[in-house]
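Trainee: Residue numbers (my numbering), protein chains in the order written: chain A, 1 to 143; chain B, 1 to 143; chain C, 1 to 143; chain D, 1 to 143.
None of these hints come from the bench; they were simulated from the model.
Take these hints with a grain of salt, some might be off.
Any copy, or any two copies together, can satisfy a pair, since identical chains are not distinguished.
Claimed, not checked - No more than 25 Å apart at the CA atoms, straight line, and that leaves these computed lysine to aspartate or glutamate pairs for DMTMM-like:
(1) LYS88 - ASP99
(2) LYS91 - GLU61
(3) LYS124 - ASP99
(4) LYS63 - ASP119
(5) LYS63 - GLU32
(6) LYS63 - ASP77
(7) LYS91 - ASP118
(8) LYS124 - ASP105
(9) LYS124 - ASP74
(10) LYS124 - GLU79
There are 4 protein chains.
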Amino acid sequence: MFVSHRRIRVDWGHCDPAGIVFYPNYFRWFDECTSSLFENAGLPMPQLYRAHGLKGFPLLEAKASFSGSSSFGDDLDCETSVSEWSTKTLKVQHRFLRDGTLLIDGFELRVCAIPHPDDPQRIKAAPIPAVVRERLGGGPAGA
Amino acid sequence: MFVSHRRIRVDWGHCDPAGIVFYPNYFRWFDECTSSLFENAGLPMPQLYRAHGLKGFPLLEAKASFSGSSSFGDDLDCETSVSEWSTKTLKVQHRFLRDGTLLIDGFELRVCAIPHPDDPQRIKAAPIPAVVRERLGGGPAGA
Amino acid sequence: MFVSHRRIRVDWGHCDPAGIVFYPNYFRWFDECTSSLFENAGLPMPQLYRAHGLKGFPLLEAKASFSGSSSFGDDLDCETSVSEWSTKTLKVQHRFLRDGTLLIDGFELRVCAIPHPDDPQRIKAAPIPAVVRERLGGGPAGA
Amino acid sequence: MFVSHRRIRVDWGHCDPAGIVFYPNYFRWFDECTSSLFENAGLPMPQLYRAHGLKGFPLLEAKASFSGSSSFGDDLDCETSVSEWSTKTLKVQHRFLRDGTLLIDGFELRVCAIPHPDDPQRIKAAPIPAVVRERLGGGPAGA
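Input sequences plus hints: build the corresponding full structure.
Mentor: Structure follows, in structure tokens:
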């Protein structure tokens, strides 16, 4: 399993009047860590999307558990990997730590999307390109 | 149980290059719907926080399931209520519909927070003020 | 000149650790007020974009002056209109007031964009559709 | 004059349905670059705020000019410095380049703020601490 690492700096504008990160920002960072996961595995999304005609990997589910808060100036160490695969979906796990202490963990269940054949403004589920599964460590489909 | 309603307009800046809402925005709207829930129950948060010395209701968990996407110009009908209570926590349920079709549902598990007695920059869990439980329909504690 | 009005509620997540709106949110609201301007003039952007093959009205310049701050729970009264026109650009003026007092004023200089003929991923400046100028009060081009 | 550098990666969620950065994000990045400016000069804001009892440096004005757009996967090279000083205000200049080409330039006019003596929820202008001017290259006040 391929594990991607990214460091995120908590800035002033991420924090709320209680002085801690406004929680939807963690989901923004989940999304950015998923981009980093693909890039660090040698599959930067912009090129991947163009090469395979994808519209992206929209969400089916997202969840986070918050065991600690973070504040302006904190550095978060983020670990990201794919923990589950199906033909058209993948589950991305995220763990955010500060100085070795787990603050946030969660996941994104994502589906591979292409333009809908009837209306290119809409999207449609599609099989995940094999190269994604190979590079992100899922092994061959059906394994 | 008190149910709060809010209508949200999807705007250009909420949407991503696939033309659909960038999902962390749904969690921003969960948070805004929770503010509306309190206000619609006669307990606007700014005054509630001042009256009871609260620092807010930070998150322990948040989850969303996405059964449909939404795009620029859509109007979302949002239903919000508290489905579970404990002494210091409450679980807020959210359902977002468009033209009667459920697109998003999820919840926020939140804890009542006050300034930490040792360091007012930090926060500490505290019992939810009784008036919150009364107005949001949870009935008396222990019921 | 057509003037559009929109009321914006300042929510918890818009505010920073100083307890006031994090200023980039005012530019988000400028953008939303520009959407409302078009819609209130009978030209909702999603339909306008489809009808005229536009990619949007990206920015050439944006500026805001802040003469007061706003906080969680405030309601802002927003006034928006087009103050200057050229063939391909328009200048949108914004004024945000609270209880009749001006807090923020600024502008967006925007250009009409279509897909670039050489690469549909890129954009290219184009003349503003005549109906936009008619409805938003600019009078006929050359007037 | 002290010049600070920061590299910013444009991610999926920063971009709009036209495939380019939604412009208020540039102002978010202006704010983050201002944090970096202070930190790179040896004055990280969280510690500076605590040491001098500041509530931050809220905005009086902000402006940006956009001579090019940026998209998912781009890396922006950001240059930040203080170009003008008064007793209580400073003007922060920002230039964002991609591969040596200037895309965005702008400024933030900011004022030094402390808690208002009559109401700690409100803020009040105050002289900029001397150390800020020394480290950020403005020379002594009155020079």
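Trainee: Each hint needs a verdict: does it hold in this structure or not?
Mentor: For each hint, the structure was consulted:
Proximity of LYS88 and ASP99 under a CA criterion of 25 Å is satisfied in neither setting, with 36 Å inside one chain copy and 28 Å between copies. Taking CA atoms no more than 25 Å apart as the test, LYS91 paired with GLU61 passes in both settings, with 9 Å inside one copy and 18 Å between copies. When the C-alpha separation of LYS124 and ASP99 is checked against a cutoff of 25 Å, the pair qualifies only between copies, where the shortest distance is 21 Å, while the shortest distance within a copy is 41 Å. In the homo-oligomer, the alpha carbons of LYS63 and ASP119 never lie at most 25 Å apart, since the shortest distance is 31 Å inside one protomer and 30 Å across protomers.
In this assembly of identical chains, the alpha carbons of LYS63 and GLU32 lie at most 25 Å apart whether taken from the same copy (15 Å) or from different copies (18 Å). For the homomeric pair LYS63 and ASP77, the shortest alpha-carbon distances inside one copy (19 Å) and between copies (22 Å) are both at most 25 Å. Taking CA atoms no more than 25 Å apart as the test, LYS91 paired with ASP118 passes in neither setting, with 28 Å inside one copy and 37 Å between copies. Only between protomers do LYS124 and ASP105 lie at most 25 Å apart by alpha-carbon distance; the minimum there is 21 Å, versus 29 Å within a single protomer.
Only between protomers do LYS124 and ASP74 lie at most 25 Å apart by alpha-carbon distance; the minimum there is 19 Å, versus 39 Å within a single protomer. Taking the closest pair of Cα atoms, LYS124 and GLU79 never come within 25 Å of each other, the shortest separation being 29 Å inside a single copy and 27 Å across copies.
Of the numbered hints listed earlier, those contradicted by the structure are 1, 4, 7, 10.
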